[in-house]
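K.L.:
Take each chain as given, in its own frame, and dock them per the hints.
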Amino acid sequence: MTTTTEVCTRARIDPRGPRFGGAITTVVLAIALITMGTPVGSALLAWQVIIFALGAFVGLWAQPYGWVFRTFVSPRLSAPVELEAAAPPRFAQLVGFCFVAFALAAILLGSTLIATVAVAIALAAAFLNAAFNFCLGCEVFVLAKRLSSAG
Amino acid sequence: MTGIFMVLAIVILATAFGLWHRSNSGRMKTVEHRSAGTTEHGVAILDAQTIGGDLGARATLVQFSSAFCQPCRATRQILIEVSGMVDGVAHVDIDAEANLDLVRALDIRRTPTVLVLDEEGRIRRRASGLPRKVDVIAALGQLD
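Protein chains in written order, with my numbering: chain A, 1 to 151; chain B, 1 to 144.
The following block holds chain B by itself, in its conformation from the complex (with noise of 0.2 Å):
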């Protein structure tokens, strides 16, 4: 009997926890920026060097994925279907597993993760799993 108890809890706790993480998956939040020049994941501010590739002239959606993750393809279309929509923002894709001192600089833990920067590089949204759409282009609006 024990086991078949230990079952069903398995299976309330798996959904309580699936139903937590759907509802978290892929919202942006905000990224509060601290006086000492960090926010509560690390570094504050990225430039063209850091994630190799060019800041875009208002914003700039960096994508970190890796080889075994299955939403990272449909979060590229998505960030690149709005990188080609709005004007001046920029699309750079970072393989975290190539990249493991930053994955560390930012405290990456799972893919995709997308960081929304302004036009300076300060890492203003965040977002871990795929992202809507019109998430992302409302998080671009609030970027002024």
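Extracted from the complex, chain A is given alone in its bound form (with noise of 0.2 Å):
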């Protein structure tokens, strides 16, 4: 197996660290999830809002999972065999952060089912993700596409 002679970029970017990513996500929600409706689920929802915002409005580069994959995870593996585009995954973070912000709104406004739901929705794509190497892009976009320009 050979290894890539590409450096990492902002554009171009390991395929471990999304993945890495992804398990703390599930990791965080999932303890969100069991915990829906204290104070310590709504935070860990706010924590995870602020987390996908920096991800898909900064970039990958500036989302903290990564930063941890890239500072104490990446130095101990090897190289990787290829590098990806950060397009996709900062897509998916886009979508995190809808249904994330959606859930922290709903609580809120004193819906605990609703945000419940939008939760369960965001661990089931970020186990996806972790487990599956799962494209959310590649699910959703075009479909998504086709949705808001029906006419």
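Note that these hints are calculated values from the structure, not bench results. Idealized CB from N, CA, C, for every residue including glycine. Among these hints, one or two may not hold up.
Stated by the list, open to error - Partial chain B-side listing against chain A, Cβ under 8 Å, derived:
(1) F68
(2) A96
(3) V103
(4) R132
Claimed, not checked - Straight-line distance between alpha carbons at most 20 Å, and here's what the computed SDA-like set of lysine to any residue pairs gives:
(5) B:K29 with B:N99
(6) A:K145 with B:K29
(7) A:K145 with B:A138
(8) B:K29 with B:A138
(9) B:K29 with B:L8
(10) A:K145 with B:L102
(11) A:K145 with B:R109
P.N.:
Shown next as structure tokens:
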């Protein structure tokens, strides 16, 4: 197996980074779901909203879980076999932001049930990302475009 | 306690979905043609003007890609490699976002989606997800 001679940049990243981030997100959202309705649950959701916002609106390089991966995990691993584009995982961060921000808003407006459903969907997506390298952009982007421009 | 069971249920369901999705991803499926000149997905025949590229003398590999699609790049590499290897096979890459009318006419829902056209432009095979090179070559062999 050869390793890439490419160097990680903001546009081309180690594909293991987003999966590592997905694993942390899975744990955070799982605890948030278990503690839903308590201050701990709300605080965890608020934390994850900030994480997703940084990843989606600033860039993956600014996402704290990605920083943990680059600083503490990546140096202990072999060089990545291949780099991948940052745009698809960044799109997934945006989708995650929408669901978790919606859940937080629902809690603040008093609907724990709606918040629970939104967090459950985000948790499933984060788990699929970590466990199966699921490409959310592949599944939802074209469908979303089709729906948003239906005429 | 309810929360813990809910998390367990989500992980089990997501695992089942992930395994199902992975086993289907990239699989070349035969496209059945109906007597009305359509397929289960809609349009049955594509021409050079519609796909924005010449049809191959023997077959054409049509790929639908999008900006937020991780395996589209690897799919492109495989299809370019196969079209370079097998005589008379063309490769056309279409940006789904910029061709939504065609995407609707063919009922494309995911990227990458790969269509295998015969020499007349009839859609004979369809795969969504990264296809294996051997499956693409096998699909071309089954066209005759």
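K.L.:
Taking the hints in turn, state whether each one holds.
P.N.:
Checked hints:
The criterion of a C-beta within 8 Å of any C-beta in chain A is met by B:F68, whose closest approach is roughly 3 Å, and the hint holds. Checking B:A96 against chain A by beta carbon gives a least distance of about 5 Å; that is within 8 Å, so the hint holds. For B:V103, the suggested interface contact is upheld, since its CB lies about 6 Å from the closest CB of chain A, less than 8 Å. Here the hint on B:R132 is broken, as its CB sits about 16 Å from the closest CB of chain A, past 8 Å.
Restraint check for B:K29 and B:N99: not satisfied, since their Cα atoms lie roughly 23 Å apart, outside the 20 Å limit. With a C-alpha separation of about 25 Å, the suggested pairing of A:K145 with B:K29 is violated against the 20 Å cut-off. At most 20 Å may separate the alpha-carbon atoms for a hinted pair to count; A:K145 and B:A138 exceed this at roughly 33 Å. Restraint check for B:K29 and B:A138: the C-alpha separation of about 12 Å stays at or below 20 Å, so the hint holds.
With a CA separation close to 34 Å, the supplied pair B:K29 and B:L8 exceeds the 20 Å bound. Between the alpha carbons of A:K145 and B:L102 the distance comes to roughly 13 Å, so the proposed pair stays at or under 20 Å and holds. Annotation: proposed proximity of A:K145 to B:R109 holds, straight-line Cα distance about 10 Å (limit 20 Å).
Checked against the numbered hints above, the structure breaks hints 4, 5, 6, 7 and 9 and satisfies the rest.
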